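Peer 1: Chains A and B, in that order, give the protein sequences. Throughout, the working numbering is defined as the position within the first sequence, counted from one, plus 13. Each step along the second sequence adds one to the number in the working numbering, with nothing skipped, and position 87 is 72.
I should point out that these hints are in silico values taken from the structure, not numbers from a laboratory. Bear in mind that the values here come from a model prediction, so they are computed numbers and not experimental data. Glycine included, every Cβ here is placed at the ideal spot set by N, Cα and C. Errors might be hidden in some of the hints.
Said to hold, decoys possible - Here are the computed distance ranges between Cβ atoms for each label pair:
1. A:123 - B:-14: 22 to 28 Å
2. A:22 - B:-5: 23 to 29 Å
3. A:83 - B:7: 40 to 46 Å
4. B:12 - A:66: 25 to 31 Å
Said to hold, decoys possible - Residues from chain B that face chain A, not an exhaustive set, calculated with beta carbons under 10 Å:
5. -11
6. 20
7. 29
8. 32
9. 49
10. 65
11. 73
12. 75
13. 77
14. 79
15. 90
16. 97
The chain contents come next:
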Amino acid sequence: AQSVTQPDIHITVSEGASLELRCNYSYGATPYLFWYVQSPGQGLQLLLKYFSGDTLVQGIKGFEAEFKRSQSSFNLRKPSVHWSDAAEYFCAGSMDSSYKLIFGSGTRLLVRP
Amino acid sequence: DSGVTQTPKHLITATGQRVTLRCSPRSGDLSVYWYQQSLDQGLQFLIQYYNGEERAKGNILERFSAQQFPDLHSELNLSSLELGDSALYFCASSVSSGGLSDNEQFFGPGTRLTVL
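For reference, chain B alone in the conformation it holds in the complex (with noise of 0.2 Å):
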C-alpha cells in the first residue's frame, strides 16, 4: 500500500459524458501528479500539481482538467468524453521539497475508466 489513495476503482460512462476522479495523496506530500495508462500511448504524463499550484503539462487534452485543493488531494476532470479516453488513470505524489530523493513519485491503484 502506497498511502495513495484514488477513488473510484471503477468508472463505466457514455460517450459525451463528465466525469471527476479523485487522488489523496499521502500524508505529508505536496505535489500530485496525474497519468494515463492506454493500450496505445502506453504511460502518459498528463499534469503536475504542486501544494495547490500547477507546476508542470504534458499531453493533457484541452478537454481535460485538474485542481489541487487546500486539503491537498486532487482531481482530474475529463469531460465530452471520447471512446478513446478510456483508460487507466493513475495519481502519484511526491514530497517535492527540493531534495533529489523527496521526489521519489508513490502511485496510487489507479481508476478504470471505460466509455461505452
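Same shape as in the complex, but just chain A (with noise of 0.2 Å):
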C-alpha cells in the first residue's frame, strides 16, 4: 500500500542550529514527493515540491530537500532555524493520476529561544 511516514511526532532544536526532518515513502515506484508547512490556525502551504530530476530541491523560507531513491527518503532541512519556523511539517506524495495526496502523520517543530 501507498504510504507516507514521518517517524519523529515532535522535534525541538535551538534558534539557529539546523534542522532534519525525516520522511520515509513506500510505492511501487517513484511519486511525486512534498513538503507543507502549517502554522496553528492556518492552512497548508507548500515548501517545495519534488518530480523528478535533480535530487536536490531548494524551497521557499530557506528550505531544502533531498530526495534519496535507495532510502526511499524525503528530508527537509535547513540550515539555521528561526522562531518563526515553529509550526507542523508534513510530507506528502502524490502517485496516480489523480495527483491525490497521501500524507504523514506530521511533525511538530518546536524553536528554543
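Assembly of the complex is requested from the two constituent chains, each provided in isolation within its own frame, with the hints serving as guidance.
Peer 2: Below, the structure written as C-alpha cells:
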C-alpha cells in the first residue's frame, strides 16, 4: 500500500541550529513528493516539491530537501532555524493520475530561544 | 493567500445534523480536492472533482458527498453528523491540465467543524 511515514512526532531545536525532518515513502515507483508547513490555525503552505531530475530541491523560506531513492526518503533540511519556523510540517506523496496527496502524520517543530 | 477560499471558517452543530462546506478554487483551476484533518486520523484525502466530474475517491464516508458546479466551486455535504466528524476540512485546487507542475495543489484555510 502507498504510504508516507514521518517517524518523528516532535522535534525541538534551538534557534540558529540546523534542522532535518525525516520522511520515508512506500510506493511501487517513485512518487511525486512534497513538503507542506502548517502554522497554528492556518492552512497548508507548500515549501517544496520533487517530481524528477535534480535530487536536491530548493524551496521557500530557506528550506531544501533531498530525494534518496535507495533509502526511499525525502528529508527536509534547513541550515539555521528561526523562531518563526515553529509549526507542523507534513510530507506528502502523490502517485496516481488523480494526484491526490497521501500525507505523513506530521512533525511538530518547536524552536528554543 | 493561496487564492482558494472556503466558507464558513467555523461551524458548530449538533449530532444528527447536516452541514454544507463550500470551496472556491483559484481562478483557472479545474480540480478540487477535499481533505479531512482530525487528531486521530491525521490528514486524509476524501474526494476529488475535475471539471465537474468525480475523479478519485478516498476514505469518504457514505454520509458525506460532494459536487462541483459549472462555475467550478465545490461543496462538501456532511450528514447525520457524529462527534467523530469534528475536524478541519480543507479544500485544495490545482490546474490539472496534465503537466506535472500543473498538479501542484493550493490549499484553502479550512473549515473547522465542531459537532456537539
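Peer 1: All hints, please: hold or fail.
Peer 2: Cross-check of the supplied hints:
Taking 22 to 28 Å as the suggested C-beta distance range, the pair residue 123 of chain A and residue -14 of chain B conforms, at roughly 27 Å. Our hint of 23 to 29 Å for residue 22 of chain A and residue -5 of chain B holds, since their Cβ atoms are close to 27 Å apart. Look at residue 83 of chain A against residue 7 of chain B: about 45 Å separates their beta carbons, and that is inside 40 to 46 Å. Separated by about 29 Å at the C-beta atoms, residue 12 of chain B and residue 66 of chain A satisfy the suggested range of 25 to 31 Å.
With its C-beta approaching chain A no nearer than about 8 Å, residue -11 of chain B sits inside the 10 Å limit, and its interface hint holds. This hint holds: residue 20 of chain B has a C-beta 8 Å from the nearest C-beta of chain A, less than the 10 Å allowed. At about 8 Å, the closest approach between the beta carbon of residue 29 of chain B and any beta carbon in chain A falls short of 10 Å, and the interface hint on this residue holds. Residue-level restraint check for residue 32 of chain B holds (minimum Cβ-Cβ distance to chain A is 9 Å; threshold 10 Å).
A distance limit of 10 Å between C-beta atoms decides the matter here; for residue 49 of chain B the minimum to chain A is near 16 Å, and the interface restraint is violated. A cut of 10 Å between beta carbons decides the hint on residue 65 of chain B: the least distance to chain A is about 25 Å, and the hint is violated. Hint status for residue 73 of chain B: holds, given a least beta-carbon distance of 9 Å to chain A, under 10 Å. With its C-beta approaching chain A no nearer than about 6 Å, residue 75 of chain B sits inside the 10 Å limit, and its interface hint holds.
The restraint placing residue 77 of chain B at the interface with chain A holds, with a minimum CB-CB distance near 8 Å, inside the 10 Å limit. A hinted interface residue such as residue 79 of chain B counts as satisfied when its beta carbon comes closer than 10 Å to some beta carbon of chain A; here the least separation is about 7 Å, so the hint holds. Because the beta carbon of residue 90 of chain B sits about 6 Å from the nearest beta carbon in chain A, less than 10 Å, this interface hint is met. The criterion of a C-beta within 10 Å of any C-beta in chain A is met by residue 97 of chain B, whose closest approach is roughly 9 Å, and the hint holds.
In this structure, the hints that do not hold are numbers 9 and 10, in rising order.
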